[in-house]
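S.K.: Input sequences plus hints: build the corresponding full structure.
Listed below, chain by chain, are the residues.
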Amino acid sequence: MAALLEVKNLGISFGGLRAVDDFEISIKKGQLYGLIGPNGAGKTTIFNLLTGVYKPSEGVIMLDGENITGLKTIEINKAGIARTFQNIRLFKDLSVIDNVKAGLHNHYKYTTLEGVLRLPSYFKTEKAMTQRAMELLKVFELDQEAEYLAANLPYGKQRKLEIARALATEPKLLLLDEPAAGMNPNETMELMETIRFVRDNFDMTILLIEHDMKLVSGICEELTVLNFGRILAQGETAGVLNDPQVITAYLGE
Amino acid sequence: MKKMKINKKTKDNIITYGIVLVAYIVMELLINTGHISSLMQGLLVPLCVYVILAVSLNLTVGILGELSLGHAGFMCVGAFTGAFFSKCTQNAIPADLLRFILAIIIGAIAAGIVGFLIGMPVLRLRGDYLAIVTLAFGEIIKNIINVLYVGKDSDGFHFSLKDSLSLGLKEDGEVIINGAQGITGTPKDSTFTIGIILIVLTLIIVLNLIHSRDGRAIMSIRDNLIAAESIGINITKYKLMAFSVSAALAGMAGVLYAHNLNSLMATPKNFGYNMSIMILVFVVLGGIGNIRGSIISAVILTLLPELLRGLSNYRMLIYSVILIVMMLFNWSPKLINLREKYSFKRLFKKTREVQ
Numbered sequence: 001m002a003a004l005l006e007v008k009n010l011g012i013s014f015g016g017l018r019a020v021d022d023f024e025i026s027i028k029k030g031q032l033y034g035l036i037g038p039n040g041a042g043k044t045t046i047f048n049l050l051t052g053v054y055k056p057s058e059g060v061i062m063l064d065g066e067n068i069t070g071l072k073t074i075e076i077n078k079a080g081i082a083r084t085f086q087n088i089r090l091f092k093d094l095s096v097i098d099n100v101k102a103g104l105h106n107h108y109k110y111t112t113l114e115g116v117l118r119l120p121s122y123f124k125t126e127k128a129m130t131q132r133a134m135e136l137l138k139v140f141e142l143d144q145e146a147e148y149l150a151a152n153l154p155y156g157k158q159r160k161l162e163i164a165r166a167l168a169t170e171p172k173l174l175l176l177d178e179p180a181a182g183m184n185p186n187e188t189m190e191l192m193e194t195i196r197f198v199r200d201n202f203d204m205t206i207l208l209i210e211h212d213m214k215l216v217s218g219i220c221e222e223l224t225v226l227n228f229g230r231i232l233a234q235g236e237t238a239g240v241l242n243d244p245q246v247i248t249a250y251l252g253e
Numbered sequence: 001m002k003k004m005k006i007n008k009k010t011k012d013n014i015i016t017y018g019i020v021l022v023a024y025i026v027m028e029l030l031i032n033t034g035h036i037s038s039l040m041q042g043l044l045v046p047l048c049v050y051v052i053l054a055v056s057l058n059l060t061v062g063i064l065g066e067l068s069l070g071h072a073g074f075m076c077v078g079a080f081t082g083a084f085f086s087k088c089t090q091n092a093i094p095a096d097l098l099r100f101i102l103a104i105i106i107g108a109i110a111a112g113i114v115g116f117l118i119g120m121p122v123l124r125l126r127g128d129y130l131a132i133v134t135l136a137f138g139e140i141i142k143n144i145i146n147v148l149y150v151g152k153d154s155d156g157f158h159f160s161l162k163d164s165l166s167l168g169l170k171e172d173g174e175v176i177i178n179g180a181q182g183i184t185g186t187p188k189d190s191t192f193t194i195g196i197i198l199i200v201l202t203l204i205i206v207l208n209l210i211h212s213r214d215g216r217a218i219m220s221i222r223d224n225l226i227a228a229e230s231i232g233i234n235i236t237k238y239k240l241m242a243f244s245v246s247a248a249l250a251g252m253a254g255v256l257y258a259h260n261l262n263s264l265m266a267t268p269k270n271f272g273y274n275m276s277i278m279i280l281v282f283v284v285l286g287g288i289g290n291i292r293g294s295i296i297s298a299v300i301l302t303l304l305p306e307l308l309r310g311l312s313n314y315r316m317l318i319y320s321v322i323l324i325v326m327m328l329f330n331w332s333p334k335l336i337n338l339r340e341k342y343s344f345k346r347l348f349k350k351t352r353e354v355q
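Respectively, the protein sequence lines represent chains D and F.
According to our numbering, the first sequence is numbered sequentially starting from 1.
According to our numbering, the second sequence is numbered sequentially starting from 1.
It is possible that some hints are incorrect.
As a list, the in silico DMTMM-like pairs of lysine to aspartate or glutamate whose alpha-carbon atoms are at most 20 Å apart [claimed, not checked]:
no. : chain 1 : residue 1 : chain 2 : residue 2
1   : F       : K8        : D       : E145
2   : D       : K29       : D       : E6
3   : D       : K92       : F       : D223
4   : F       : K9        : D       : D93
5   : F       : K9        : D       : E126
6   : F       : K11       : D       : E147
7   : F       : K9        : D       : E145
8   : D       : K92       : D       : D143
9   : F       : K8        : D       : E126
These are calculated hints, taken from the structure and not from any lab test.
M.R.: Next comes the structure, spelled out in structure tokens:
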């Protein structure tokens with residue numbers, strides 16, 4: 001089966017610093033893929049390259065057979081990559097449901113004029129949007145808090161809301177940047193279930209950055225370990241985690 | 001839960017519209033029974049102008065989250081375009097109301113276009129930088145109009161940036177925009193009723209825009225630009241949309257302003273940065289992003305200097321003290337707590353609990 005995401009020879013330099021060098025990855029449809037590595041290894045930089053925040057100095061990114069190298073963030077999102085952020089970036093002063101509705105922006109449309117004049121299509125589309133947003137919120141058990149301001153949600157729920165918002169854009173590939181950061185073990189277990197649920201029920205392919213080894217070994221099928229911007233090891237989770245090189249570089253024994 | 005929210009938003013909007021309509025009815029009653037001095041009556045149209053300006057600036061400052069100090073410039077564009085149109089078509093369109101409506105539309109469109117053109121390069125900047133550049137553009141607009149001469153004769157229109165003689169008008173020609181002397185003899189079409197209608201129109205446009213798909217996109221850009229981009233929202237498009245709509249509404253206010261005067265001049269007092277900052281004060285005092293607050297603060301701060309007229313020289317001193325006190329009352333955390341403690345809602349609730 002052809003890979004959903006195929007990255008070849010990806011690299012970027014900031015001044016003299018080689019942040020990412022010769023990065024390669026191939027993710028199959030429906031896979032749960034982990035990207036791990038010590039702090040400063042370049043994991044988030046790779047996410048930024050994949051989503052067009054940075055333009056790669058070299059390399060090719062193919063999504064579902066389509067070359068998306070060098071496209072703008074908006075175009076990449078439309079092509080089918082959605083992400084969450086390491087430091088949560090919600091629309092704080094919007095309600096929880098409006099955060100998700102903003103994610104639905106490109107899938108439910110009416111013109112500005114229809115919106116301002118409150119024509120029937122406004123009510124029809126808004127109703128459909130509310131319905132879809134509530135469905136997504138239910139998946140993440142946020143439907144009770146739909147009217148809260150996003151800023152007032154507890155931390156764990158903010159993380160979930162970010163995933164819900166990303167899913168609202170109907171991506172083919174979901175990038176999660178440290179989804180379990182700052183969560184207690186119970187919340188992490190719950191999050192693992194949610195991620196699995198998303199993969200199964202939304203037919204989603206997921207690439208995640210994570211430091212929590214329990215989560216990584218629990219749900220990721222394959223791993224790439226990054227160190228100083230280069231690939232240290234790549235392959236099936238169990239094999240990679242037992243690689244002596246990885247243990248010295250990352251797990252520190 | 002879902003129903004409650006729709007109700008709450010709608011309820012909020014209805015209260016806002018209600019305040020405007022009640023204020024209108026009360027004022028009309030007072031005028032008809034002769035309880036309002038002619039001085040106050042003269043203040044009614046400017047009041048409407050300021051309310052529209054405050055609401056429209058709130059769209060840029062509160063909803064889009066960008067600080068603009070050039071709002072008076074857009075008002076200026078609207079005022080001159082509208083007045084120019086009225087002056088040119090005074091004989092061609094004898095129906096006053098029709099001509100005025102057309103002038104309003106044309107003034108708003110002209111200001112909207114200028115807003116769009118200025119917004120394109122300027123909205124790449126953020127925060128203080130944007131504020132400074134918009135301030136400069138506002139001044140540029142005012143100064144260009146100050147040296148603009150436009151005349152009309154049987155050959156058509158003549159333009160000059162030098163003086164009225166270099167227009168080279170024929171015998172039958174007439175200077176319409178006369179540089180620093182501006183436009184004289186604009187028909188006085190503005191009335192309180194039209195002003196209120198325009199306020200309601202502004203409210204409909206702004207409130208409906210905010211509570212729609214586009215409004216959500218605009219507010220998501222305000223809250224987090226990077227996240228908005230990552231979910232596929234076109235930043236440039238929505239920034240420009242909010243900025244141009246805001247400018248167009250300011251232009252509409254300008255037309256209303258121009259048709260309330262016999263002679264329209266672009267002076268620092270009416271279209272300079274002082275005016276822009278005054279509108280910003282309305283917005284900040286009323287609460288950034290709070291449309292109803294903008295209306296109320298624009299009304300209070302416009303009436304205040306007139307009410308304090310009796311204090312002659314101390315007028316502006318008292319005005320500024322009141323401004324500071326109001327600001328503290330609105331925004332100091334302790335006072336907010338105090339207000340919540342003794343708010344009507346709370347007191348009402350308590351009595352109900354006792355029962």
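S.K.: All hints, please: hold or fail.
M.R.: Right, here's what the structure says about each hint:
1. K8/F to E145/D: With a Cα-Cα distance of about 16 Å, the restraint between K8/F and E145/D holds, given a limit of 20 Å.
2. K29/D to E6/D: holds (11 Å)
3. K92/D to D223/F: holds (6 Å)
4. K9/F to D93/D: Satisfied, since the Cα-Cα distance of roughly 15 Å is no more than 20 Å.
5. K9/F to E126/D: Holds, because 14 Å separates the two Cα atoms, which is no more than 20 Å.
6. K11/F to E147/D: Distance ~16 Å between K11/F and E147/D Cα, so the pair holds.
7. K9/F to E145/D: holds (17 Å)
8. K92/D to D143/D: holds (17 Å)
9. K8/F to E126/D: Judged against 20 Å, a Cα distance of about 16 Å means the pair holds.
The earlier numbered hints are all upheld by this structure, with none contradicted.
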